[in-house]
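Throw the hints in and build the complete structure from the sequences for me.
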Amino acid sequence: MERIRDGMIQEGQAYEFKRLVNLDDPRGKSNLIDDVVAFLNAGAGHLIVGVGEKRGVFERFQPLQGDKDVLRRRLTSIIQDSIDPKPMKVLVEFLDIDGENYIVDIVLPAHRLRPYQNKITGGFYLRTGAQNTPIPRDQVHSLFTSIEQFEADTAKLMERENAAVEARDIMQNNGATLHVAIVPQEHYERGRAPFDPGRGVLKSIRHYHNHSGSGVFKGCEDGVEVRDVTFDENRATSRFFIGDDWLIHSYVAHPITADASGRITIHEFHRALGRHLR
1 MERIRDGMIQ
11 EGQAYEFKRL
21 VNLDDPRGKS
31 NLIDDVVAFL
41 NAGAGHLIVG
51 VGEKRGVFER
61 FQPLQGDKDV
71 LRRRLTSIIQ
81 DSIDPKPMKV
91 LVEFLDIDGE
101 NYIVDIVLPA
111 HRLRPYQNKI
121 TGGFYLRTGA
131 QNTPIPRDQV
141 HSLFTSIEQF
151 EADTAKLMER
161 ENAAVEARDI
171 MQNNGATLHV
181 AIVPQEHYER
191 GRAPFDPGRG
201 VLKSIRHYHN
211 HSGSGVFKGC
221 EDGVEVRDVT
231 FDENRATSRF
241 FIGDDWLIHS
251 YVAHPITADA
261 SGRITIHEFH
271 RALGRHLR
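So the sequence shown is numbered by this note's numbering: it starts at 1 and just counts up by one.
Source of the hints: derived by calculation from the structure; they are not laboratory data. One or more hints might be untrue.
[To be verified] Below, in silico cross-link-like pairs of lysine to any residue (SDA-like), each with a Cα-Cα straight-line distance of 20 angstroms or less:
#1 K218 <-> I248
#2 K89 <-> L75
#3 K68 <-> M1
Please read these numbers as outputs of a predicted model, since none were measured by experiment.
Next comes the structure, spelled out in structure tokens:
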């Protein structure tokens, strides 16, 4: 308390002062959740209610009154019910001023299940200095995930789809194969609807091999696919798949082709792969 009054504690990366919080007002409640989410996504912090400030420095106390247990339960319930994933280590403490007057210290320990989201608005925020910075949706996962985790996720999903293709026994498998997997940001977004090709015709990309045809995607288990079916037991030499979970997967049999004799050069392979991915 004395450190706040003396200006030793100021608004910044670890502290936020609020004069009051109106939990009966939807906007006031949402603003409180924005503050909590910002701290949870950045690290440990304190949200102190009942302190007026000027330029981040203590100006005066604006104390609260009432049953502390009731307020603690209500604040805890609102915070846990309005944030995804649910933060379980938030503490609500009280600092007495005099008599029935007190201020509230919402203690926010470091949480590891980031990113945290305001379920009321769908927003993501990050505490940067004394401000709450909105995080664009397309940057949420990349901001909190290491490149090693991205690589591990992609490898795991590619192995899953490779196994599904092999179980269906739909590809030519008497030679070399090329496997490409792309995991879009949409795959990681909470609440994102499954991939929907829409009502129109979803055409395929160009085949890897020197074929001019481009088929139409058809529904399959867990997504849509297009295959270039051959006369070899109805097996395909290439398949392009978009999963309901937004995974993009390509499976190509005999990927290295050359008209001339001898081994294909890396430049020829690079051009062929580029045509396939366009």
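Tested hints:
For the given pair, K218 sits about 15 angstroms from I248 by alpha-carbon distance, which is consistent with the 20 angstroms threshold. Annotation: proposed proximity of K89 to L75 holds, straight-line Cα distance about 13 angstroms (limit 20 angstroms). Distance restraint check for K68 and M1: the Cα-Cα separation of roughly 18 angstroms lies within the 20 angstroms cut-off, and the hinted pair is therefore satisfied.
Violated hints are absent here; each numbered hint is respected by the structure.
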